[in-house]
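Number of protein chains: 2
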Amino acid sequence: MTTSVKALFFDVFGTLVDWRSGVARAAEAMLAPRGHALDWGAFADAWRAEYQPAMAEVRDGRIPFCKLDVLHRKNLDRVLPRFGVTLDEAAARELNLAWHRLDAWPDTAPGLVRLKRRFVLAPVSNGNISLMVALARRNGLPWDAILGSEVAGDFKPKPRVYLSACEALDLAPAECMMVAAHGNDLAAAAACGLRTAFVARPLEHGPGRETRPPAAADIVAASIEDLAAQLDA
Amino acid sequence: MTTSVKALFFDVFGTLVDWRSGVARAAEAMLAPRGHALDWGAFADAWRAEYQPAMAEVRDGRIPFCKLDVLHRKNLDRVLPRFGVTLDEAAARELNLAWHRLDAWPDTAPGLVRLKRRFVLAPVSNGNISLMVALARRNGLPWDAILGSEVAGDFKPKPRVYLSACEALDLAPAECMMVAAHGNDLAAAAACGLRTAFVARPLEHGPGRETRPPAAADIVAASIEDLAAQLDA
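Line by line, the protein sequences give chains R and P. Letter 9 of the first sequence, counting from 1, is numbered 9 in the working numbering, and no numbers are missing. Letter 232 of the second sequence, counting from 1, is numbered 232 in the working numbering, and no numbers are missing.
Watch out, some of these pointers could steer you wrong.
Note that identical chains are pooled: a pair holds if it fits in a single copy or bridges any two copies.
[Unchecked claim] Heads up, simulated DSSO-like pairs for lysine-lysine below, C-alpha to C-alpha not over 30 angstroms straight-line:
no.: 1; residue 1: Lys74; residue 2: Lys116
no.: 2; residue 1: Lys158; residue 2: Lys116
no.: 3; residue 1: Lys74; residue 2: Lys158
no.: 4; residue 1: Lys74; residue 2: Lys6
no.: 5; residue 1: Lys67; residue 2: Lys158
no.: 6; residue 1: Lys116; residue 2: Lys67
Please keep in mind that the hints were generated in silico from the structure rather than gathered at the bench.
Could you build all of it, start to finish, from the sequences and the hints given here?
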């Protein structure tokens, strides 16, 4: 089933990079010197919890498409007061760049380097192009192209995002495989005709909050390196 | 003037890759076994001569935007009869991929690898994403992102193509430098506020047909490696 696959598309937040630790670390670095002593993990969770509702406004056509950076900033401005924090414009702008400075899981870059020998690789993330470029340069992610929301003009799990990525590479959906740690992303990709690979990320939401693999993936992998091994790359 | 530059945008056909030799070689490989003995360089020139008129139809709004691959194919179908050649659909499709299999000038890949240390690098070409990916994989071009016509939905030298590339990276035009072997490309980029670098490619159109550097470039370089040296990369 997977021998016809020519391109691999990757979810990024959670699947390739550890957003929770990175956002918590950036918040602490910015806010602790200003006298705040928050539960930094809880702050990261609260910021991330605004992610899906903000994108839903775009997906439902209530507001026009905008870069995820813009939504992240709106969400930050919504979340900060709940934690009793006020930031000036420059500091809020800087903290919003926390999402550009996330660290990849240790297996991500070596796994992608192996996979690149056999497959075309692209993020198909809800993150914007500049955000994807920053994460790639920081972590050595060897993308062939940056595809996803900004190229499609909409957010996953809308079909257009997956299908525009296939079209950009002149490939049929069945020649593309979506790789993600999230069942809803894979289910949406599968509904468009893509192959799917689930990568377990038990620590995405912090210790003791593991999610279970979905039943529907063509491949279930423990890491990106394991995915490379299973795909003979 | 160039110390504020954060991203370098590259023209590809002629500037980074040798389209004339590559197209001539592919045409010979496809047509000689079918009994044709053409002037292969003249065939490449004729196919390329249809390039600007075909894009002009899109730029002028007479036809909707489409991938350059589609225009290359239309142009091929227009040029073949002039050389007395008939090809079936599969062969024409295969010959059209000549543009995906061009070789880079020898200084291109090593120069880009050096430049990547200091700058974000992207093609801002009229070529489509899949074509840019194919050339990059073939020649080891270390792009951070594929920008240009397909992301902008129009063709150079329309301002939108240069400006959409800046916007994708969250950069002001003055923080971006267009690199090209063609004065009209650089003049259009400069009119949008970008910095410019001219790279001499005396062999683009074959021996003895050198074009002269434009007066307006911020940098004039003899190669991509020379550009890297001049930018201290």
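Do the hints match the structure? See the list:
1. Neither within a single protomer nor between protomers do Lys74 and Lys116 lie at most 30 angstroms apart by alpha-carbon distance, with minima of 36 angstroms and 32 angstroms respectively.
2. In this homomeric assembly, Lys158 and Lys116 come within 30 angstroms of each other (Cα to Cα) only inside a single copy, at 26 angstroms, whereas the closest approach across copies is 34 angstroms.
3. In this assembly of identical chains, the alpha carbons of Lys74 and Lys158 lie at most 30 angstroms apart only when taken from the same copy (22 angstroms versus 33 angstroms across copies).
4. Taking the closest pair of Cα atoms, Lys74 and Lys6 come within 30 angstroms of each other only across two copies (27 angstroms); inside a single copy the shortest separation is 37 angstroms, beyond that limit.
5. Taking the shortest Cα distances, Lys67 and Lys158 sit within 30 angstroms of each other both inside one copy (16 angstroms) and across copies (23 angstroms).
6. Proximity of Lys116 and Lys67 under a CA criterion of 30 angstroms is satisfied in both settings, with 27 angstroms inside one chain copy and 25 angstroms between copies.
Of the hints listed earlier, the one the structure fails to meet is number 1.
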